[in-house]
Amino acid sequence: MSLSPNDKYNQGINPTSKRLREGANSGDYDERACKISRTTSSFIPNLSGDYLNIIFNCLQTREDRNSFGLTCRQWFHIQNNNHETLWFRNNYDPSKYPKVSPESLARVICKLLIRFQRLKCLFPERLPGITNIVFHMLAELHLSLSPCLTFISLSSSDITDKGLEALAKCCSSLEMVDLSRCCSVTDSGISCLLQNCRKLGSLDITYCSGVTGIGFQECAQTLNRLAAGGCIFEQEGITAIVSRGGLKYLCLKTPNESAKVEQGCINIEILITISKGCPLLKNLLLSNCEEVKLKGWEAIGRNCKELETLFVMGCQRLCDMGLQAICDGCNKLSELYIDEEKNSCSYSALELFERKKPGVICLWP
Numbered sequence: 001m002s003l004s005p006n007d008k009y010n011q012g013i014n015p016t017s018k019r020l021r022e023g024a025n026s027g028d029y030d031e032r033a034c035k036i037s038r039t040t041s042s043f044i045p046n047l048s049g050d051y052l053n054i055i056f057n058c059l060q061t062r063e064d065r066n067s068f069g070l071t072c073r074q075w076f077h078i079q080n081n082n083h084e085t086l087w088f089r090n091n092y093d094p095s096k097y098p099k100v101s102p103e104s105l106a107r108v109i110c111k112l113l114i115r116f117q118r119l120k121c122l123f124p125e126r127l128p129g130i131t132n133i134v135f136h137m138l139a140e141l142h143l144s145l146s147p148c149l150t151f152i153s154l155s156s157s158d159i160t161d162k163g164l165e166a167l168a169k170c171c172s173s174l175e176m177v178d179l180s181r182c183c184s185v186t187d188s189g190i191s192c193l194l195q196n197c198r199k200l201g202s203l204d205i206t207y208c209s210g211v212t213g214i215g216f217q218e219c220a221q222t223l224n225r226l227a228a229g230g231c232i233f234e235q236e237g238i239t240a241i242v243s244r245g246g247l248k249y250l251c252l253k254t255p256n257e258s259a260k261v262e263q264g265c266i267n268i269e270i271l272i273t274i275s276k277g278c279p280l281l282k283n284l285l286l287s288n289c290e291e292v293k294l295k296g297w298e299a300i301g302r303n304c305k306e307l308e309t310l311f312v313m314g315c316q317r318l319c320d321m322g323l324q325a326i327c328d329g330c331n332k333l334s335e336l337y338i339d340e341e342k343n344s345c346s347y348s349a350l351e352l353f354e355r356k357k358p359g360v361i362c363l364w365p
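All letters in the sequence shown, in the order written, are residues 1 to 365 by the UniProt record's numbering.
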């Protein structure tokens with residue numbers, strides 16, 4: 001009798017199938033199958049954390065990364081440990097979510113902050129009315145945020161001095177903090193932040209109208225970058241800011257040309273204090289400093305030997321002699337931003353500066 005191809009194929013596997021069936025009847029098949037199953041199922045979970053971290057970091061899409069933690073508890077922890085940034089895409093509007101109270105949302109956020117113990121960056125600025133509650137909850141529970149958390153942005157949030165105090169106590173590892181447009185923050189909150197976060201290197205308090213600078217008396221020596229445009233600083237406050245002498249970047253742009261000296265505009269005395277107190281200064285950004293005359297510009301040329309970038313837009317009393325003092329004193333200067341009209345420099349003075357330092361002047365229309 002001839003065999004069809006299918007019969008030959010079936011005949012070839014019949015002995016194996018028969019042996020498996022016989023083994024199943026005798027009990028051997030179940031034991032071997034269980035052994036194989038146990039070996040296969042236990043292989044992946046037994047991978048070390050280093051290998052699992054490599055696998056997780058190779059995942060390209062957010063969907064794959066979110067699905068990774070659904071495999072088992074170990075993989076869930078790997079996913080949590082690799083979560084470095086937490087931000088909130090949409091603004092929270094209580095009127096759109098009447099069933100979600102600020103307290104309930106704050107509790108959810110607290111759980112997320114506790115869950116992700118390797119966070120490096122946090123952006124809760126889109127949660128008006130929530131930020132203070134979150135930090136107060138953490139403080140009441142005596143909980144600390146991720147020891148890896150180095151940057152937090154609270155720009156335009158409703159954070160207050162008490163909320164800032166709670167944040168500083170539960171996260172002393174902060175190195176960069178953005179408080180721009182936080183109108184409820186005063187010198188008291190700044191002082192608490194600086195006392196508790198001794199690694200703080202960068203601080204943005206742009207348009208924080210309640211800050212006068214006095215809170216910087218306990219400034220950390222690590223602070224080297226300060227953005228404070230629009231703040232109403234007093235002479236005592238400026239003295240406190242530069243007291244440690246470590247600033248390398250300082251932005252004091254005055255947003256309004258009509259700002260007067262008593263409203264925080266930079267004057268000669270303030271500029272002299274800055275130049276003497278910041279010998280390491282590399283970037284100085286000023287604007288609309290109508291009260292700064294020749295002595296102020298001479299102080300910059302005499303004391304700011306490390307200066308590389310100088311922004312003097314709207315400084316109408318920058319004259320030929322002041323420009324010459326900057327040219328002769330600031331040997332490392334590579335960028336000088338000046339507008340074409342709002343200054344007192346002659347064309348010949350600008351041309352002489354350009355010959356001595358070609359390509360340094362950036363004229364703005």
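It is possible that part of the hints are untrue.
Heads up, simulated DSSO-like pairs for lysine-lysine below, C-alpha to C-alpha not over 30 angstroms straight-line [claimed, not checked]:
(1) Lys305 to Lys342
(2) Lys332 to Lys357
(3) Lys199 to Lys293
(4) Lys293 to Lys332
(5) Lys332 to Lys356
(6) Lys332 to Lys282
(7) Lys305 to Lys357
(8) Lys282 to Lys356
(9) Lys356 to Lys276
(10) Lys199 to Lys295
(11) Lys357 to Lys342
(12) Lys357 to Lys253
(13) Lys253 to Lys293
(14) Lys199 to Lys169
(15) Lys295 to Lys248
(16) Lys356 to Lys293
It should be emphasised that the hints constitute simulated quantities derived from the structure, not laboratory data.
Hints versus structure:
The straight-line distance between the Cα atoms of Lys305 and Lys342 is roughly 26 angstroms, inside the 30 angstroms bound, and the hint therefore holds. A threshold of 30 angstroms between alpha carbons decides the hint, and for Lys332 with Lys357 the separation of about 10 angstroms falls inside it, so the pair holds. Note on Lys199 and Lys293: the hinted pairing is violated, with a Cα-Cα distance of about 37 angstroms set against a maximum of 30 angstroms. For a cut-off of 30 angstroms, the pair hint linking Lys293 to Lys332 stands: about 23 angstroms separates their Cα positions.
About 12 angstroms separates the Cα atoms of Lys332 and Lys356, which keeps this hinted pair within 30 angstroms; it holds. Of the supplied pair hints, the one linking Lys332 and Lys282 holds, its CA atoms being roughly 9 angstroms apart against a limit of 30 angstroms. Among the hinted pairs, Lys305 with Lys357 is consistent with the structure: their alpha-carbon atoms are about 15 angstroms apart, no more than 30 angstroms. For the proposed pair Lys282 and Lys356, the alpha carbon gap of about 20 angstroms is at most 30 angstroms, so the pair holds.
Using a Cα cut-off of 30 angstroms, the hinted pair Lys356 and Lys276 holds, with the two alpha carbons roughly 25 angstroms apart. The straight-line distance between the Cα atoms of Lys199 and Lys295 is roughly 35 angstroms, outside the 30 angstroms bound, and the hint therefore fails. A C-alpha spacing of about 21 angstroms is found between Lys357 and Lys342, which places the hinted pair at or below 30 angstroms, so the restraint holds. Under the criterion of a C-alpha separation no larger than 30 angstroms, the hint pairing Lys357 with Lys253 is consistent with the structure, at around 25 angstroms.
Only pairs whose Cα atoms come within 30 angstroms are accepted, and Lys253 paired with Lys293 is accepted, the gap being roughly 17 angstroms. The straight-line distance between the Cα atoms of Lys199 and Lys169 is roughly 13 angstroms, inside the 30 angstroms bound, and the hint therefore holds. At most 30 angstroms may separate the alpha-carbon atoms for a hinted pair to count; Lys295 and Lys248 meet this at roughly 22 angstroms. A C-alpha spacing of about 23 angstroms is found between Lys356 and Lys293, which places the hinted pair at or below 30 angstroms, so the restraint holds.
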